[in-house]
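J.: The lines below spell out each chain.
2 protein chains.
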Amino acid sequence: MGVIHKFQGDPDRFDWEGIIPKGYESKDIRGATVRWLISENEKAPYFALRYFEVEPGGWTDLGRHAHDHGVIILRGKGKVLLGEKETEISFGDVVYVPPNELHQFKNTGDEPFGFICVIPDKDVLSKIKAEGSRR
Amino acid sequence: MGVIHKFQGDPDRFDWEGIIPKGYESKDIRGATVRWLISENEKAPYFALRYFEVEPGGWTDLGRHAHDHGVIILRGKGKVLLGEKETEISFGDVVYVPPNELHQFKNTGDEPFGFICVIPDKDVLSKIKAEGSRR
Numbered sequence: 247m248g249v250i251h252k253f254q255g256d257p258d259r260f261d262w263e264g265i266i267p268k269g270y271e272s273k274d275i276r277g278a279t280v281r282w283l284i285s286e287n288e289k290a291p292y293f294a295l296r297y298f299e300v301e302p303g304g305w306t307d308l309g310r311h312a313h314d315h316g317v318i319i320l321r322g323k324g325k326v327l328l329g330e331k332e333t334e335i336s337f338g339d340v341v342y343v344p345p346n347e348l349h350q351f352k353n354t355g356d357e358p359f360g361f362i363c364v365i366p367d368k369d370v371l372s373k374i375k376a377e378g379s380r381r
Numbered sequence: 247m248g249v250i251h252k253f254q255g256d257p258d259r260f261d262w263e264g265i266i267p268k269g270y271e272s273k274d275i276r277g278a279t280v281r282w283l284i285s286e287n288e289k290a291p292y293f294a295l296r297y298f299e300v301e302p303g304g305w306t307d308l309g310r311h312a313h314d315h316g317v318i319i320l321r322g323k324g325k326v327l328l329g330e331k332e333t334e335i336s337f338g339d340v341v342y343v344p345p346n347e348l349h350q351f352k353n354t355g356d357e358p359f360g361f362i363c364v365i366p367d368k369d370v371l372s373k374i375k376a377e378g379s380r381r
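If you read the sequences in order, they're chains A and B. Going by the working numbering, the first sequence opens with residue 247, and the numbers climb by one from there. Going by the working numbering, the second sequence opens with residue 247, and the numbers climb by one from there.
One should not assume that every hint holds.
Same chains, same names: a pair is fine if it fits in one copy or spans any two.
[As the list claims (entries may be wrong)] Below 20 Å or equal to it, Euclidean Cα-Cα: the simulated EDC-like pairs (lysine to aspartate or glutamate) are:
{"id": "1", "residue 1": "Lys-323", "residue 2": "Asp-256"}
{"id": "2", "residue 1": "Lys-252", "residue 2": "Glu-332"}
{"id": "3", "residue 1": "Lys-325", "residue 2": "Glu-263"}
{"id": "4", "residue 1": "Lys-323", "residue 2": "Asp-261"}
{"id": "5", "residue 1": "Lys-289", "residue 2": "Glu-263"}
{"id": "6", "residue 1": "Lys-368", "residue 2": "Glu-347"}
{"id": "7", "residue 1": "Lys-252", "residue 2": "Glu-330"}
{"id": "8", "residue 1": "Lys-323", "residue 2": "Glu-263"}
{"id": "9", "residue 1": "Lys-331", "residue 2": "Glu-263"}
{"id": "10", "residue 1": "Lys-252", "residue 2": "Glu-286"}
{"id": "11", "residue 1": "Lys-252", "residue 2": "Glu-334"}
{"id": "12", "residue 1": "Lys-289", "residue 2": "Glu-347"}
In case anyone wonders, no lab produced these hints; they're calculated from the structure. Predicted model, so just to flag it, every value in this text is computed and none were measured.
So here's chain A without its partners, still in its complex pose (with noise of 0.2 Å):
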């Protein structure tokens, strides 16, 4: 059946019903929360849409991996760095980190720094790295 997570939120604070904010702090990233609005939760077989938000002098991890993402900043901005190039972000501007591309966000300015970022769900993954290894 269908979900709807009403947004609650106003120019000053993103937030969603249902919807608990996560941290996301380990060595490699500083003052970064993630809000899973569409996953397993919602049973979503295919793709996740998550909220990330950055604080201002805040970071995600630089990193690469076999999964990919779909970015789109609503709010703030900041620079993503997508292999060796580094780019100015800011609202509407729509990012695609490729699998193994090394990359990072990090917030430039003075307000908080979020954007929608869509991953595949593991288990297409993990599929199709089965099917790939099939042929």
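For chain A, the structure is supplied; the task is to place chain B on it using the hints.
T.: Chain B only, in chain A's frame:
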């Protein structure tokens, strides 16, 4: 390699560098356009991310299909029909439309009603269907 589509719009006109809006008219659709922001064009293998915009008085088609939708509203206001229930939606609201659920989006305001809509890639769907049929 990573791809960035810079937002070129303003609050009255949403557009992206390198993205051509496409009409989305049929007998069942009124006043809708789609911008494919991340798709096969960006060599994205697992999902596509599109921006839909519906004019005042317009709607998307009433239908159901095997793929699901992950939606987040970016501008304007409207209603979504999910199954038999209609819900008012506006900025930031998240809608998950599961596979085979009847759905339709309508603009109920007097400005454009715009939203991001994620779908799985058609190859993902066909591979997963094939996987399922082997079980």
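J.: Against this structure, judge whether each hint is valid.
T.: Results for each hint:
no. : hint               : in the structure
1   : Lys-323 to Asp-256 : both (17 Å within a copy, 16 Å between copies)
2   : Lys-252 to Glu-332 : between (34 Å within a copy, 14 Å between copies)
3   : Lys-325 to Glu-263 : between (29 Å within a copy, 18 Å between copies)
4   : Lys-323 to Asp-261 : both (19 Å within a copy, 18 Å between copies)
5   : Lys-289 to Glu-263 : within (17 Å within a copy, 34 Å between copies)
6   : Lys-368 to Glu-347 : within (18 Å within a copy, 23 Å between copies)
7   : Lys-252 to Glu-330 : between (38 Å within a copy, 18 Å between copies)
8   : Lys-323 to Glu-263 : between (25 Å within a copy, 18 Å between copies)
9   : Lys-331 to Glu-263 : between (37 Å within a copy, 18 Å between copies)
10  : Lys-252 to Glu-286 : within (18 Å within a copy, 31 Å between copies)
11  : Lys-252 to Glu-334 : between (30 Å within a copy, 10 Å between copies)
12  : Lys-289 to Glu-347 : between (28 Å within a copy, 13 Å between copies)
In summary, the structure agrees with every hint in the numbered list given earlier.
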